[in-house]
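Participant: Throw the hints in and build the complete structure from the sequences for me.
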Amino acid sequence: MKKALLMAAFFLAACNSADAPTPEAAKGAAGGPPPPPPYQMRAAMPAGDRLAAGRSGEELFSNRCGSCHLAGGMGTNLLTKQRMMAGEPPENGLLANRKDLTGDYVKAVVRQGKMAMPRLSRTEVTDPELDAIAAYLGKAGQ
Amino acid sequence: MKLTLPPRVSPTQFDAALKAYVDVVGKEWVLASDEDRDAYSDIYAPGSEEEWPASAAVSPASLEEIQAIVRLANQHKTPLWPVSRGKNLGYGTAAPRMPGSIVLDLSRMMKVHELNAELGYCVIEPGVSYFDLYEHIQREKAPLWMSVPGNAWGSVLGNALDHGMGYTPYGQHARNLCGLEVVLPDGDLMRTGMGAMENNHSWHVFPLSFGPDWTQMFTQSNMGVVTKAGVWLQPAPETSLQLTFDIPNEQDIGWVVDTVTPLKTAGVIEQNVFIPSWLGKIVLKGQRKDFWDKESAIPEWRVQELLKEHKLGYWQVQIRFYGDETLNKARAEIVKKAFKQHLDVPPHEHWWRQGDPVNQYDVTMGVPSAVALQMGDWVGGRGAHMGFSPVVPATSKHVLGQLNRSRKIIADHDVDFYASFTIGGRFATNINMLMYDRDKPEQVANIRKMFDALIAGTAEAGYAEYRTHLGWMDKVNDTYNFNNNAQRRLNEKVKDAIDPNGILAPGKQGVWPSIYRDQPEGGKA
Numbered sequence: 045m046k047k048a049l050l051m052a053a054f055f056l057a058a059c060n061s062a063d064a065p066t067p068e069a070a071k072g073a074a075g076g077p078p079p080p081p082p083y084q085m086r087a088a089m090p091a092g093d094r095l096a097a098g099r100s101g102e103e104l105f106s107n108r109c110g111s112c113h114l115a116g117g118m119g120t121n122l123l124t125k126q127r128m129m130a131g132e133p134p135e136n137g138l139l140a141n142r143k144d145l146t147g148d149y150v151k152a153v154v155r156q157g158k159m160a161m162p163r164l165s166r167t168e169v170t171d172p173e174l175d176a177i178a179a180y181l182g183k184a185g186q
Numbered sequence: 025m026k027l028t029l030p031p032r033v034s035p036t037q038f039d040a041a042l043k044a045y046v047d048v049v050g051k052e053w054v055l056a057s058d059e060d061r062d063a064y065s066d067i068y069a070p071g072s073e074e075e076w077p078a079s080a081a082v083s084p085a086s087l088e089e090i091q092a093i094v095r096l097a098n099q100h101k102t103p104l105w106p107v108s109r110g111k112n113l114g115y116g117t118a119a120p121r122m123p124g125s126i127v128l129d130l131s132r133m134m135k136v137h138e139l140n141a142e143l144g145y146c147v148i149e150p151g152v153s154y155f156d157l158y159e160h161i162q163r164e165k166a167p168l169w170m171s172v173p174g175n176a177w178g179s180v181l182g183n184a185l186d187h188g189m190g191y192t193p194y195g196q197h198a199r200n201l202c203g204l205e206v207v208l209p210d211g212d213l214m215r216t217g218m219g220a221m222e223n224n225h226s227w228h229v230f231p232l233s234f235g236p237d238w239t240q241m242f243t244q245s246n247m248g249v250v251t252k253a254g255v256w257l258q259p260a261p262e263t264s265l266q267l268t269f270d271i272p273n274e275q276d277i278g279w280v281v282d283t284v285t286p287l288k289t290a291g292v293i294e295q296n297v298f299i300p301s302w303l304g305k306i307v308l309k310g311q312r313k314d315f316w317d318k319e320s321a322i323p324e325w326r327v328q329e330l331l332k333e334h335k336l337g338y339w340q341v342q343i344r345f346y347g348d349e350t351l352n353k354a355r356a357e358i359v360k361k362a363f364k365q366h367l368d369v370p371p372h373e374h375w376w377r378q379g380d381p382v383n384q385y386d387v388t389m390g391v392p393s394a395v396a397l398q399m400g401d402w403v404g405g406r407g408a409h410m411g412f413s414p415v416v417p418a419t420s421k422h423v424l425g426q427l428n429r430s431r432k433i434i435a436d437h438d439v440d441f442y443a444s445f446t447i448g449g450r451f452a453t454n455i456n457m458l459m460y461d462r463d464k465p466e467q468v469a470n471i472r473k474m475f476d477a478l479i480a481g482t483a484e485a486g487y488a489e490y491r492t493h494l495g496w497m498d499k500v501n502d503t504y505n506f507n508n509n510a511q512r513r514l515n516e517k518v519k520d521a522i523d524p525n526g527i528l529a530p531g532k533q534g535v536w537p538s539i540y541r542d543q544p545e546g547g548k549a
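So the sequences go chain by chain: A and B. Position 43 (the first sequence) corresponds to 87 in the working numbering; numbering is contiguous. Position 211 (the second sequence) corresponds to 235 in the working numbering; numbering is contiguous.
Treat the hints with care, since some could be wrong.
Below, a list of computed lysine-lysine pairs in the DSSO-like style, where the Cα atoms sit at most 27 angstroms apart [stated by the list, open to error]: (1) B:Lys313 <-> A:Lys125; (2) B:Lys318 <-> A:Lys125; (3) A:Lys158 <-> B:Lys313; (4) A:Lys125 <-> A:Lys183.
For the record, the hints were derived by calculation from the structure and aren't laboratory data.
Facilitator: Below is the structure:
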């Protein structure tokens, strides 16, 4: 069952033209949905005190949120579908491409959760880490 | 979420305990606001999240901090609910069994102590996720593969300790554990297996000890806090071949199981073979409302229409071989010949060789992904799921019996039937995925009633669940009823002997320490 659900993601992930797969990866089911992008390595956890400001928001986003929000991730797949239904290009499924997010909105969703997204604790993403991530993603407020 | 105190702990005592924890870990790592409590609740709770509320969470960063917290918990009588990363989705997430327990969140414990490519194992802490370990292996360029569960957001150790399953030859995750380091309920420290000897070189390679070995006592358990463990990893194969068979009819699962099991027990097939039913393929084509616009279960005639429209078999079997190309070819020939006796259509074959890209969603290749969580989207709204997971012998008689029995109970409750079987050797686990919208109380009530009926009906027929949600731990424990529940009575005796204050995970898997046993505030009633 789980594998079949993963298949659902093939379709959505393949909407992201920025990550065109290699032909070798396309040897899945003939006539089936296009293949997903390859595994996306997250940035390593930035060194330094997790309770202090000043670490890279981009790297923190990749490390703390990347299990779902890089190309082909669960969050990206659902958001791609949502954005396309709203008439936006599929690339907007990637949070890093969004121009309409504010820092406060990012913080609210991380702490309160939204639809399929569970809430994240202050151990998983500390407040200073969330500040940095919100500053990185919150392009609308800048 | 409002504060629910642990049983018989006053607000003053609770505050004193939190202050003591702050002295150990620092104030930022003791989390006790309403928002913090929300973050540790069960996001898929069948009903209110407040049914299983944590009072707070404390996040240690080292073994020494864990020992200090456990000792303080004894002093303050504040029960702890240890979680590795708290991603036990579908079974309770990070939420505790007993209301008011303090979550001991080990997700800051993220060290990979050793990655041994020569013998194929790693030694890791509970906070290491599947993503962390996968990326560590890639960065080290170690020729090793992991076995991952469908949703790999969680902890490698947490999943293995809770008897999670994967789909490679290393898919029975608890069996990959070799050598645990454990903080006992009194704060003492012990090591299982060969680790019982100081500096023993075989700790993470020999799975037994001298005399009784306690490793299994700490899985699905409330007898200790695992702080570090050895986990066996698969040598990266040179090649891999996958055969995909579409199986037309529901009752065909009988011959499929009788074909696969002997090949699996003989070692021709090495992986755990996952066999999902048709609904798994429909979910990739849209939401439930696109195929059936009523709340009632999708009727059989519509199922048959959908199978025809989408050219699907009722089941799909994918069998993957790992290793040397010649061996893989030979194994595949044996499997194809066995299937040909029942099925004219040859399987789709897909070779993979070192250097080829790996499909990031292929759980049979050990790549971690969280996309399984997308299933919430199928029902729409705040979709959630629970799994009903009994174990049966891997023969047609038992598998068909289980299929027909649970299918009837699920139909009687007017819920969609969505089953899979995973053949792990002599046994098959049968996961019945029950999906519901958390914001529809009548759906939630129906699912809960059905869950009770499934447990009772399955137990009556002689089978039991191997894992369950917090809310059914006591009920499933009750079904393990040989000699007046002798197993539970032994577990309780051991629990009381080593944890007289009942501070570690009271009620986990239906094992209650005496001080909370039969207490209505313990939630057992």
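Participant: All hints are to be evaluated individually against the structure, with a verdict given for each.
Facilitator: Now the hints, each set against the structure:
no., hint, result
1, B:Lys313 <-> A:Lys125, "holds (16 angstroms)"
2, B:Lys318 <-> A:Lys125, "holds (23 angstroms)"
3, A:Lys158 <-> B:Lys313, "holds (21 angstroms)"
4, A:Lys125 <-> A:Lys183, "holds (21 angstroms)"
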